[in-house]
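As given, the protein sequences belong to chains E and D, one line each in that order.
Note that the numbering used here has the first sequence beginning at 1, numbered continuously upward.
Note that the numbering used here has the second sequence beginning at 1, numbered continuously upward.
Please keep in mind that the hints were generated in silico from the structure rather than gathered at the bench.
Everything numeric in this text was worked out from a predicted model, so none of it was measured.
Only true hints are included.
Distance condition first, Cα-Cα at most 30 Å in a straight line; then the derived BS3-like pairs of lysine-lysine:
#1 E:K230 x E:K190
#2 E:K227 x E:K243
#3 D:K333 x E:K204
#4 D:K151 x E:K204
#5 D:K151 x E:K153
#6 D:K151 x E:K230
#7 E:K230 x E:K153
#8 E:K243 x E:K156
#9 E:K310 x E:K97
#10 E:K286 x E:K349
#11 E:K293 x E:K97
#12 D:K151 x E:K227
#13 E:K99 x E:K278
#14 E:K190 x D:K151
#15 D:K151 x E:K156
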Amino acid sequence: MSFSEIRSTFRDMRRGGSAGKGSVMKPSIIVAAVLAALTLPAGAGTLDDVRARGMVICGANGQLPGFGLPDAQGNWTGFDVDYCRAYAATIFNDPTKVKFVALTAKDRFTALQSGDVDVLARNTTWTSSRETQLGLHATGPNYYDGQGFIVRKALKVNSALELSDASVCVQQGTTTELNLADYFRANRMKLKSVTFAQLDEALKAYDTGRCDAFTTDVSQLYSVRLKLAKPDDHVVLPEIISKEPLSPFVRQGDDQWFNIVRWVHFAMLNAEELNINKSNVDEQLKSENPEIKRLLGSEQNFGEQFGLTKDWAYRIVKLVGNYAEVFDRNLGVGSQLKITRGLNALWTKGGIQYGPPVR
Amino acid sequence: MVGEKSGGWGRAALLDNPRVRGILYQVGLCVAVAFAAVAVWRNVADNLARNHITSGFGFLDQIAGFDISQTLIDYSVQTSTYGRAFWVGLLNTLLIAVLGIVLATILGFVIGIARLSRNWLLANVARAYVEFVRNIPLLLQLLFWYNAVLKALPDIRESIPIAGIALLNNRGLFLPQPSFGPGLAWAALAGVAALAIAFVWRFIAQRRFERTGHPLPVLVPGVILVIGALILTYAAVGGTIEFAFPQLGRFNVSGGVEILPEFVALLFGLVIYTAAFIAEVVRAGLLSVPRGQSEAAAALGLRRGQILNLIIIPQAKRVMIPPLTNQYLNLTKNSSLAVAIGYPDFVQIFTGTVLNQTGQAVEVVLITLAVYLALSFATSAAMGWYGARVAFVSR
Chain E
1 MSFSEIRSTF RDMRRGGSAG KGSVMKPSII VAAVLAALTL PAGAGTLDDV
51 RARGMVICGA NGQLPGFGLP DAQGNWTGFD VDYCRAYAAT IFNDPTKVKF
101 VALTAKDRFT ALQSGDVDVL ARNTTWTSSR ETQLGLHATG PNYYDGQGFI
151 VRKALKVNSA LELSDASVCV QQGTTTELNL ADYFRANRMK LKSVTFAQLD
201 EALKAYDTGR CDAFTTDVSQ LYSVRLKLAK PDDHVVLPEI ISKEPLSPFV
251 RQGDDQWFNI VRWVHFAMLN AEELNINKSN VDEQLKSENP EIKRLLGSEQ
301 NFGEQFGLTK DWAYRIVKLV GNYAEVFDRN LGVGSQLKIT RGLNALWTKG
351 GIQYGPPVR
Chain D
1 MVGEKSGGWG RAALLDNPRV RGILYQVGLC VAVAFAAVAV WRNVADNLAR
51 NHITSGFGFL DQIAGFDISQ TLIDYSVQTS TYGRAFWVGL LNTLLIAVLG
101 IVLATILGFV IGIARLSRNW LLANVARAYV EFVRNIPLLL QLLFWYNAVL
151 KALPDIRESI PIAGIALLNN RGLFLPQPSF GPGLAWAALA GVAALAIAFV
201 WRFIAQRRFE RTGHPLPVLV PGVILVIGAL ILTYAAVGGT IEFAFPQLGR
251 FNVSGGVEIL PEFVALLFGL VIYTAAFIAE VVRAGLLSVP RGQSEAAAAL
301 GLRRGQILNL IIIPQAKRVM IPPLTNQYLN LTKNSSLAVA IGYPDFVQIF
351 TGTVLNQTGQ AVEVVLITLA VYLALSFATS AAMGWYGARV AFVSR
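Just chain D, with the same shape it has in the complex (with noise of 0.2 Å):
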């Protein structure tokens, strides 16, 4: 009897149901989207093919063969492949990305800080700073910037010496190079462990806190233990380390590190940039916290110093963490502007020399897209994971 019931309306029932029409729609989507997908795929094939156009991934393996104005790993232009170019563009994009996302950050504080400043001055100039740099568009800034540092350093013969070790002229500013003997994975190893102590006393010193409202000192003991862990382990096993100094040569300077003004003008410009709109998501995070915080932690004897440190930001947090992702997103995105000032990006690397050496724009932009997805990606996640770290916990 159950049997025939369930036959005579079981698939209307079913049909009715919202969870299994939930589901049908949800697998109809998904064949649909892979269809679409493999339709456009053979398309393209089909198409690369018929115009004569070489496709694949082969080209990764092929020899370069062009020269790249800042390696960060080993690069040469008989041996090294376009796989290898693509690797140092992606670096190079990512040393501007953390040092820019690391600076903006800092100078966006201040400048959101100072704009709340009692003092007229101080928060109308920021103010000013912030309106005049957001308003601007960034690659007229960094032209500006890229201009502006060439034009402002002296021409090579004319190098200005700094403290007799280090050069700058407008082919960029080079230092010393320190190279380090044997003994430095003691040195790492001494380092390590001394992180791990001063973590320990964190812990410790936070556990007193909480019990007598006593504060001890963390930050400082724990960076000089650490600094101070990797000199003396590395004196003691008798490590050395030696300078190459820049020379002059007959065009360029050789030896040193070389900083270049590409590299500088980028950053400068991307950072200041960048720390206008942080500002700005510094001040609204701060004024989201409501002025009696302030007003209770001053009435229980605070200073404004620690008001703003132990009340103020860790409420400010939780706001301005969403939107400061954006910017960080923005700064990495922003950084392929490099190409108009020949700062050997990502973009400038692989998107501009690669595609154009190789005509495979298909693949070459395939894979723009997926790095660039997955730095946004990882710059997001880790932002999540800090956000939900400082959200409050309900109980």
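Excised from the complex, chain E in its bound form (with noise of 0.2 Å):
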């Protein structure tokens, strides 16, 4: 048995169990770790690996409505769970070609680092510390968030500066917890949290009236509260107290991958500038606007250039969407949520989306 063949044996034995609903606490996780730290070598060529084992690998939030959630049947939805699907639409044409790994938010980078996930697509804050401590790379924002609170509309509570001496639920793990505690010591507010390993539980101590309020990134307050027991007693509050611009994470050393996961983000921003979407692209293949050929590849071969083939972007409009679809769909006006762009709207529209340039 080769070291890469007991390393696949390992990974298959710690990916059985956990590819369901996330367990309260995973030893495996991080026996997982520190095997991985004893046994794998640096991770180099993660594309090669991805075509060899015919899927990608992507670490996702298992309980988050619009972002990333499994239904009755295993189907994953969610607006970072399409970002995978682009992933595996752009490598195999394919974009059923994805194993998704349910993680918490304190499992995630530990999944990530241990080579268990080759992407994490979970609605994760680039931070700093993330790329200088954990080794890992943010490839850029997808969604630009920032965190909030929701309330009981019967506290009457109008701005989250009222919410001095309340107690908070709160998700453990996750930037969250830090800006919580920040934000409370700049405002000279007394806070008493409460803290869940999963968000699940925090939101349901919640629920059952154990804090005053809840916070985590604004998105997600509009998306658990549909969870809530009564959703319309509750309000989101208006202060955003943070910014949380939330990225799809690799490992550092594998450029080339690094390249594909950041530039799939991009292609679908520049489709959507351009005005390329699901339906439309086979007639712009034939546009004669030199962005557009460059971007689909009628004219000249960037896709190579990242390992991949000539209609890499084509592919990802095709079978995934361009950004406005994916967002749309999943948070949108298609979806429960109805999230407005805001921030996420692009530059020519008032956002902070920028693709830039294929070429």
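Fit the two chains together into the complex; they arrive one by one in their own frames, and the hints show the way.
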């Protein structure tokens, strides 16, 4: 048995244990981290590994409607989930060649570091220490978010600044925990936080009245509100207390893979900007616009420079959609959440989503 | 001649000598283990460096910056370090473990003895308890207790006042917090002195009992003596006690001692679960004492309670201590399920938040392993010492 065989066997064992709903604490993932640190060579050639395996393994959120959630049949949907499908689409020309691994906020980095997942697309905030300390790279925000609070309407609270001395339920292992402490400290308010490993547990505790407020990224607040017993009894407060640029993450040391993950997002943005979408992408192949030609590969071969095919971006748009389609379907007008584009509108429409040119 | 002879077959003889060979094997094994350990360590360090993952224990001195809901020692978001958070978590785990062990032992003894009762109803209620509790996973029980506790308690604005001094609601139980003036040291000193006197009295009582067979009361006078000494000395040096009463604020109760519902649910869950196992240990221990012992004691005219306390339990203890130690270790380790219900135990704070904020999985996991190993060794050592004390002395 070669080293790599042992590794893959080990991975399979590990995966069997975590593919479903995340357990409360995952000793296995810790063991995996330690063992991986013992045995794994530095990951180079993730693309080759993915091709050899025949699928992308994607670390996703298993509990968050809009971003990542499997249904009863195990079909995953969500904004981040569609990014995973886009990676598979561009590599295999088949968006279903993805294996999703549900990760808690607490376990996600270890899973990526240890090679359990190829990419982490799990509403994860881009911070300096996650790049300098964890050996990971954010590939660029696909969603600009910020942290907020949800409270009961009956409390008659109009601002987060009135929350001094309030109990706040929060999920563990997130920037949320630190922002919360920072905000209360900066505004000289007294904080009583109650911390849970799982989002669902934290939310349930809030719903039963253990806490006055629940805090997380605003996009998630809209999404988790739907899970509460009486969604209309709760209100999201206006304050945004932090910057949360959510980004997919990859391991450091594999620039080819980093480029692919980063440029899949840019391809989706450029497609939206050039008005290429799922339904018109075949017609657009005949377009005379040089930018469209370069993006879709009808002129020049940029895909090969990524280690992909000429039609790399065509595949993404054809099989998954452009940025607007993915956004609207999961978070925006086409979803239950009805989140407006806001900061996530294209730069041409007042937002800050900006795709560098393909050339 | 002698030298020549030993030179001739000395090497073979040395290898044939089982003692020498045994030592050689052991040295060889130690070297191999040490080599493997060094190789593993270097490999880990190399791989972490190559993957650009920070390593080392420097993070313990960094500011933690997150809030913890229950702290037995001073902890502030602004200034406390990850190292401090480590101690906060460890103390929270110890609190649960120690209280849990004491309460589970008491409950377990009661149920174990009840199972052997001649009263049909009592014996079967105890039996149903054991079978019901030990066959349901602990995690489910904890979630049940947590939700049962939370759901049963009223909202903060409808807090239940208890005797006008305490408040009960779904944020916890709030008790008045006593604060003592100076003079506490004197009282403590007097208490220690009283304790010493109580022990001397116990010694005297034992001697007298052995000589004459007349028992003297020990426990009750001892407790009265110690408590009396504490109170009287404190009053004599002019000490005062002030109580901070819990006050209902806009969102929460302020002032007073706060007992979190997470704490209560975890303690309840662990005690009820472990007590079922301890009850079986106790039952097995009591049944291990031959029937003739209690019959002989009855023939001597001892009452049932006396038979149990003086004859059965002392002998049953020897059998019960090893499996009891297992249960204590289980309880301590099971307390890490606290993460599910939001109690800030060691695993939740350290292996959870600290690991995640620093990303130093290898170091944090190593420390966690070391902590649980140390807790378990300490428990085993204490129980081993107690076991040796109650063992039969063979002459």
